[in-house]
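Chemist: Sequence:
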Amino acid sequence: MFKHIKNDLPASIVVFFVALPLCLGIALASGAPLFSGLIAGIVGGIIVGSLSGSHIGVSGPAAGLAAIVLTAIGALGGYQNFLVAVVLGGAIQLLFGVLKAGIIGYYFPSSVIKGMLTGIGIIIILKQIPHFFGYDADPEGDFAFIQVDGENTFSEIINSINLISPGATAVAVLGLVILILWDKVLTKKAKIFQLIQGPLVAVVVGILFFVITKGNEIWAISTEQLVKVPIPEDASSFLAQFSFPNFGVITRPEIWVTAFTIALVASLETLLCVEATDKLDPEKRVTPTNRELLAQGAGNMVSGLIGGLPITQVIVRSSANIQSGAKSKLSAIIHGFFLLISVILIPRLLNMIPLSVLAAILFIVGYKLAKPALFKEMYQLGWKQFIPFTVTVLGIIFTDLLIGIGMGLGVGIVVILIKSYQNSHFLHIQDKSNGAHKIKMTLAEEVTFFNKGAILKELEGIPKDTYLELDVRNTRYLDNDIIEILEDFSFKAKERNIEIKLISEKGIVENPESFIKFFNLRPKSA
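Using the working numbering, read the sequence shown as starting at 1 and increasing by one per residue.
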């Protein structure tokens, strides 16, 4: 695991700086204690990172669960009651893993997964614009269109432009210049620039800027524009930040409903992220999805037991990890240790980091996920790829992650139905001599109930006095629904003087007495 330490260590530093404000922001957006987000980040890095089969995925608290957590804490009567649901949700995820439910992740179309990555890239940029200008009314990690502060994504941007902070903006621009210079120029000049990551330099410059401009009327950065890590006074106050579940409420039905909701949503987000990160992985490694569910389940049980938020694998941290050159899961594990050590030893130093500098880092992450060239590439693949991709992107921007993916998946299913409708058969009019029609219909390799409409339409359109040649030699699967349609048509064919020649691997049959008997199927019982 330490074979790629020279790649994984620098990447873990970048992931740490991306994860820190997101852990705190998601906790704030969830109405949970700030420290609970850090607990989830630490567990997601160390525990889930160790157990996971993903080489470059990073786990932690997820923005997609923030609304569920916010509602559940109030409905269940407090945070300690909610933690019981987190622990049970983790246990249910373990059950999902044992039952091999991870296969669900493979049923999402590629166009939807690419739309998910692009949509998240765009939403990262849009959500970071206010923080870039020093306007921090909405917490980091709130990726929904309708925000917890009552604004939406675009009204927040307009508000930020009207309330630009000179100091925060200046250091953000400086940080962005450093990041671009590092990525495009300096890393190609010397190995030292590959070892020392640009985001680390940008953060150090941000801290120095805060210290130097402190007290300046124009350029000073206010405390509202900085990272806010809880600062314990001593060891006992640090330990007091951990919460423990109230298992006395475990028999309440609403606890189990919340637990199942957490397990389902967290598993779905994880499987989607696994698909997305595997696509981004330069080495194209495949993550074992059932093992991932087991790892996430174990992580959620541990997180819930010590006061942390629910955990999923998360695309923002995972993509930052990939873009920073991580090669193995050691990067995710080290970032977890960085979170743990830093909140114990240097919380005051962390609280000098301007959020605008971290916004500049996330700008780069977002841009790499949503490069304009990808839109052109998807358009060139045709409408069957481009429409689900576009719907997913717009859905994520104007609703939230899961709804956007659901919209894209819904459109993708419609596209599949249309393709299935079109590809169920091939129709060839071979001969119209002497006023007699001769038609050949060749069925596709797989014909399911999705194809009923297309086949019914063609059969109903066959004129009287036609010779129909029905070729099923290449058909490997013929749905019972289709056979029943053929059975019904055989009666109508006699009335319309339509001769049927059935060609199959079993042989050739003229006007088969019964299609059901021919294909050895029992008729449906009434």
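The reader is advised that the hints may include incorrect statements.
Unchecked claim - As a list, the in silico DSBU-like pairs of lysine-lysine whose alpha-carbon atoms are at most 35 Å apart:
1) Lys464 / Lys438
2) Lys214 / Lys327
3) Lys189 / Lys284
4) Lys464 / Lys452
5) Lys188 / Lys371
6) Lys419 / Lys100
7) Lys438 / Lys327
8) Lys228 / Lys517
9) Lys191 / Lys3
10) Lys492 / Lys457
11) Lys100 / Lys191
12) Lys517 / Lys440
13) Lys184 / Lys228
14) Lys492 / Lys438
15) Lys457 / Lys440
16) Lys284 / Lys327
17) Lys464 / Lys517
18) Lys440 / Lys452
19) Lys376 / Lys228
20) Lys464 / Lys492
21) Lys184 / Lys284
22) Lys440 / Lys371
23) Lys100 / Lys457
24) Lys189 / Lys371
25) Lys279 / Lys214
26) Lys327 / Lys376
27) Lys327 / Lys419
What the hints assert, rightly or not - Beta-carbon label-pair distances, calculated as ranges:
28) Gly150 / Pro230: 46 to 52 Å
29) Val98 / Thr442: 42 to 48 Å
30) Ile104 / Leu200: 21 to 27 Å
31) Val286 / Tyr379: 33 to 39 Å
In short, the hints are calculated from the structure, not lab data.
Glycine included, every Cβ here is placed at the ideal spot set by N, Cα and C.
Chemist: All hints, please: hold or fail.
Modeler: Outcome of the hint check:
1. Straight-line distance between C-alpha atoms of Lys464 and Lys438 comes to about 11 Å, which keeps the hinted pair within the 35 Å bound.
2. Of the supplied pair hints, the one linking Lys214 and Lys327 is violated, its CA atoms being roughly 40 Å apart against a limit of 35 Å.
3. Between Lys189 and Lys284 the CA atoms are separated by roughly 28 Å; this keeps the pair inside 35 Å, and the hint holds.
4. At roughly 22 Å between alpha-carbon atoms, Lys464 and Lys452 fall within 35 Å of each other, so this suggested pair holds.
5. For the given pair, Lys188 sits about 22 Å from Lys371 by alpha-carbon distance, which is consistent with the 35 Å threshold.
6. Between Lys419 and Lys100 the CA atoms are separated by roughly 29 Å; this keeps the pair inside 35 Å, and the hint holds.
7. For the proposed pair Lys438 and Lys327, the alpha carbon gap of about 62 Å is over 35 Å, so the pair is violated.
8. About 74 Å separates the Cα atoms of Lys228 and Lys517, which puts this hinted pair outside 35 Å; it is violated.
9. The suggested pairing of Lys191 with Lys3 holds, with an alpha-carbon distance near 18 Å, which does not exceed 35 Å.
10. For a cut-off of 35 Å, the pair hint linking Lys492 to Lys457 stands: about 14 Å separates their Cα positions.
11. Note on Lys100 and Lys191: the hinted pairing is violated, with a Cα-Cα distance of about 44 Å set against a maximum of 35 Å.
12. The hinted pair formed by Lys517 and Lys440 meets the criterion: a straight-line CA distance of about 22 Å does not exceed 35 Å.
13. A threshold of 35 Å between alpha carbons decides the hint, and for Lys184 with Lys228 the separation of about 32 Å falls inside it, so the pair holds.
14. Simply put, Lys492 and Lys438 have alpha-carbon atoms about 17 Å apart, close enough for the 35 Å limit, and the pair holds.
15. Of the pairs offered as hints, the one joining Lys457 and Lys440 holds, with about 15 Å between alpha carbons and a cut-off of 35 Å not exceeded.
16. Taken as a hint, the Lys284 and Lys327 pair is honoured in the structure, with Cα atoms around 11 Å apart against an allowance of 35 Å.
17. About 25 Å separates the Cα atoms of Lys464 and Lys517, which keeps this hinted pair within 35 Å; it holds.
18. With a C-alpha separation of about 18 Å, the suggested pairing of Lys440 with Lys452 holds against the 35 Å cut-off.
19. For the proposed pair Lys376 and Lys228, the alpha carbon gap of about 41 Å is over 35 Å, so the pair is violated.
20. For the proposed pair Lys464 and Lys492, the alpha carbon gap of about 10 Å is at most 35 Å, so the pair holds.
21. This hinted pair checks out: Lys184 and Lys284 have alpha carbons roughly 24 Å apart, not beyond 35 Å.
22. Under the criterion of a C-alpha separation no larger than 35 Å, the hint pairing Lys440 with Lys371 is inconsistent with the structure, at around 48 Å.
23. Taken as a hint, the Lys100 and Lys457 pair is broken in the structure, with Cα atoms around 40 Å apart against an allowance of 35 Å.
24. Using a Cα cut-off of 35 Å, the hinted pair Lys189 and Lys371 holds, with the two alpha carbons roughly 25 Å apart.
25. A distance of roughly 45 Å separates the Cα atoms of Lys279 and Lys214; the hinted pair therefore is violated under the 35 Å criterion.
26. Taking the CA atoms of Lys327 and Lys376, the gap is near 29 Å; set against the 35 Å cutoff, the hint holds.
27. Distance restraint check for Lys327 and Lys419: the Cα-Cα separation of roughly 39 Å exceeds the 35 Å cut-off, and the hinted pair is therefore not satisfied.
28. Hint check: Gly150 to Pro230, Cβ distance near 25 Å, so the stated range 46 to 52 Å is violated.
29. Taken as a hint, the range 42 to 48 Å holds for the pair Val98 and Thr442, whose Cβ atoms sit roughly 44 Å apart.
30. Between Ile104 and Leu200 the Cβ separation comes to about 38 Å, which falls outside the hinted range of 21 to 27 Å.
31. About 28 Å separates the C-beta atoms of Val286 and Tyr379, a value inconsistent with the hinted range of 33 to 39 Å.
Consistency with the previously given hints fails for numbers 2, 7, 8, 11, 19, 22, 23, 25, 27, 28, 30, 31, ordered from lowest to highest.
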